[in-house]
Amino acid sequence: MNNMSSQTEIDEAEIRSRRTIEIVNQGLKRRRAAEKRFRFYGKLAISMGMLFLVVLFASIVSKGYTAFLQTYVKLDVYIDEQKIDPQGTRESETLSRANYGALVKSTLRGMFPDVKSRRDKKDLYALVSNGADFEIRKRVMENPALIGQTLSLWVPADDDVDMLLKGHINREGAESERRLKDNQLRWIDQMWEQGRMEKRFNTTFFTAGDSRDPELAGIWGAVSGSFLTLIVTLLLSFPIGVAAAVYLEEFAPKNHLTDIIEVNINNLAAVPSIVFGLLGLAMFINLFGLPRSAPLVGGLVLSLMTLPTIIIASRAALKSVPPSIREAALGVGASPQQAMMYHVLPLAMPGILTGTIIGMAQALGETAPLLMIGMVAFIVDIPGNVFDPSTVLPVQIFLWADSPERAFVERTSAAIMVLLTFLIAMNAIAVVLRKRFERRW
Amino acid sequence: MQAPTIIIALLILSSVSYYLGRKRAFAVAQGHIRKLHSLPLYYGLYTAIWAGVPALLLLAFWFMFEDTMITHLVVADLPAHIADQGADRLNLVINDIKNMVNGNIVSSQINPAMQAAADHYKQLQSTSHILVAIIALCLAVGSGSLMLTKIKAKQRARNAVESFLTVVLILCSSIAILTTIGILLSVLFESIRFFRAVPITEFIFGLEWSPQTAIRADQVGSSGAFGAVPLFAGTLLISFIAMLVAVPIGLMSAIFLSEYAGPKVRATAKPLLEILAGIPTVVYGFFAALSVAPFIRDTGGLLGLDVASESALAAGLVMGIMIIPFVSSLSDDVINAVPQSLRDGAYGLGATQSETIRRVIFPAALPGIVGGILLAVSRAIGETMIVVMAAGLAANLTANPLEAVTTVTVQIVTLLTGDQEFDSPKTLAAFALGLMLFTVTLVLNVIALHVVRKYREQYE
Chain W
1 MNNMSSQTEI DEAEIRSRRT IEIVNQGLKR RRAAEKRFRF YGKLAISMGM
51 LFLVVLFASI VSKGYTAFLQ TYVKLDVYID EQKIDPQGTR ESETLSRANY
101 GALVKSTLRG MFPDVKSRRD KKDLYALVSN GADFEIRKRV MENPALIGQT
151 LSLWVPADDD VDMLLKGHIN REGAESERRL KDNQLRWIDQ MWEQGRMEKR
201 FNTTFFTAGD SRDPELAGIW GAVSGSFLTL IVTLLLSFPI GVAAAVYLEE
251 FAPKNHLTDI IEVNINNLAA VPSIVFGLLG LAMFINLFGL PRSAPLVGGL
301 VLSLMTLPTI IIASRAALKS VPPSIREAAL GVGASPQQAM MYHVLPLAMP
351 GILTGTIIGM AQALGETAPL LMIGMVAFIV DIPGNVFDPS TVLPVQIFLW
401 ADSPERAFVE RTSAAIMVLL TFLIAMNAIA VVLRKRFERR W
Chain Z
1 MQAPTIIIAL LILSSVSYYL GRKRAFAVAQ GHIRKLHSLP LYYGLYTAIW
51 AGVPALLLLA FWFMFEDTMI THLVVADLPA HIADQGADRL NLVINDIKNM
101 VNGNIVSSQI NPAMQAAADH YKQLQSTSHI LVAIIALCLA VGSGSLMLTK
151 IKAKQRARNA VESFLTVVLI LCSSIAILTT IGILLSVLFE SIRFFRAVPI
201 TEFIFGLEWS PQTAIRADQV GSSGAFGAVP LFAGTLLISF IAMLVAVPIG
251 LMSAIFLSEY AGPKVRATAK PLLEILAGIP TVVYGFFAAL SVAPFIRDTG
301 GLLGLDVASE SALAAGLVMG IMIIPFVSSL SDDVINAVPQ SLRDGAYGLG
351 ATQSETIRRV IFPAALPGIV GGILLAVSRA IGETMIVVMA AGLAANLTAN
401 PLEAVTTVTV QIVTLLTGDQ EFDSPKTLAA FALGLMLFTV TLVLNVIALH
451 VVRKYREQYE
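Taken in sequence, the protein lines are chains W and Z.
For what it's worth, the working numbering labels the leading residue of the first sequence as 1, then goes sequentially.
For what it's worth, the working numbering labels the leading residue of the second sequence as 1, then goes sequentially.
Hints are all accurate, no fakes.
Negatives, chain Z to chain W, calculated, CB over 10 Å:
1) Ile12
2) Ile33
3) Pro54
4) His120
5) Glu208
6) Pro211
7) Ser309
8) Ser341
9) Ile361
10) Leu397
11) Leu402
Restraint-style ranges between C-beta atoms, simulated for each label pair:
12) W:Arg32 <-> Z:Leu244: 27 to 33 Å
13) W:Ile325 <-> Z:Lys154: 29 to 35 Å
14) Z:Phe362 <-> W:Ser17: 26 to 32 Å
15) W:Ile231 <-> Z:Ala9: 21 to 27 Å
Rather than coming from a laboratory, the hints here were simulated on the basis of the structure.
Backbone N, C-alpha and C define an ideal beta-carbon position, used for all residues, glycine too.
Kindly generate the complete structure, drawing on both the sequences and the hints.
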């Protein structure tokens, strides 16, 4: 009897378990499909991220690579003594004030003798950049013997001509909708066929300061400004950041003040950058009276911004040095500070430097706080020291992006490419540094 | 003598004292360095600190007050008809005098009285510079040589140097606090001045934003309304769009990378994704304004929608792309912190991988993920360049992502770039907006960091 009942119980259990298996099996298909779907979503998300990256880079490179070439026009300029130095004094003041534009104009008229009307002449002159005058002046100033001779030189073409030859202006459209008129197109084609126009490597872009004329605008001023700003940032934030990290990690007693400092540093790392700009404007410029637009102030603001990054990275690097190093140093009679200076800090240095480079890369790409302290001004001159008004590369990009000329779009993209190259180089150095010198204990 | 020259001279003096101090220590030891309390180096440092630091401090102090003092003296000597013009005019005159001294362009025409004042200023300045140079150098030489004579074998030079260094270290770490206080004070003071002109309730609850105050009384259409609600709404709208892009993509990427991807895929995909975080925001702004916004406008045009060329959608979308790596790396950390035992338990019960993630890991990681998302929101609210370049300037109160809206950061930049006078409510409004921005992001950050920290402790 007892045996019987236990037998049925076993049967029931078996039936139940079989049912469970059936239920599980029934659900399996759905669950596997869900699993596949979920995995697909994950892949989709990653590919979306990659896609954005590719689209971003592709859009910038495709817009910007043409800026590395610039159209030049070959002019055979007769340096007419009557026009630039009628008295024949050859004094540098006379030479520097002379009207070289007239030389360019007469050369152009000579190339197209059939151009008569005032308006046509004006259109013709518009094909060559204003930079031609400066180029001739430079040559003549360097070598006054050129006066009276015919000088054959390549000068930058106007940005509209450049855009046409790069295919950014639609030739077929109505004349009124084009930046270039029909007769200008004819002249350009004529010069192109004569071999008087050529696309060459755009050295101006890398050597000149900012300009209102796209064909004369370059990034060197902004690059120098960025360099000066970063030097100030590095000189301030590296020693202060490392000192703060050393104190907080190694010497600070665990008390309220240290806690507050720690919370503060973490918070500062997340404060919007523009707020630092407000600080710079109110404190450094209005209160302390430091000059506006100067790399000094830019560097001050950026070093306050990068300090948290450097402190956090340095603390992590110090933490990763095993305590045995300290203990060994203390054991042979070094003071805590000596152990720190001679043993822990050198071992943590690769990590600290990596963090510093990453912080500097952030500072290099920062724009918003610098707008607040007036580094957004139009500045042609190349800054020579940290008090000169200057701009930085990201701000230059911002300024050019706002310019209406089509030619500035490609220059903006090209400047972005330069900036990204710097950033990638810095990050690559950081990675190499980490790979090469990091020690696993 | 200019300040840099004096500083360089002091530094040279200081390094000379280092060598003298070291030499003196050797001399005192008479060839038995063991007799010294500290290494000779510390005696050198000790002398160098005494030679350099007091003089440098004096210099800093002097230059901090020099300008005020000289201006005071010059103003006291100004002819009565210039000096009695009231504070505003007087400030202009002082500015002109300073410009004349620095050889800059002067706004008004130069009159003999001002020329005299400028000469006076110049003369006082040079006297002051010579004076401070003499005093500082004497101080440096004096205290340096005094310390040099005091060097003894038993002297605890190392301890002295080390306590000095400790003070320096403490000062360096307190810069973080000083920065926070500086930010708070600089936005707070100007904001208080702003709230005197515009009531705080109007600022927070007003629905109209047009900061162009009239310069002349007869100007039309520039009443100067400072109701910031449209700005807050615009900021929230763009941040919301950004989060709609960033949270799903970032979170799913993090889940895929930490749970599914093999080490190889992880090693390539993760740094690639993080490149997105390293790209400067101005580049994103350019991308948004010149590629994404026209694309959205044209696509909308094809679908028969009227899309503004500075639509909130374009700015939000690109901002979302920027924040993806932020969300994904924070979530990645959090998901990796969930103990393996939870996963093994779920697998043991027969759960599939996705069920484990959704039912076990995700709930366990949720607080950390929420913390990360809050940080991302604070990032989105404070982001400036993308919206400055791709969002509009006009304050629209709308929830339609296809229209142009403006944000808090855009307005701060617009109000503060270019010429500005520091007493118009227009400029001060930027600081009030900055105060709002700082407070909101601070609160978000504090909550988020607290949540993340709490969560980490839970599994440690």
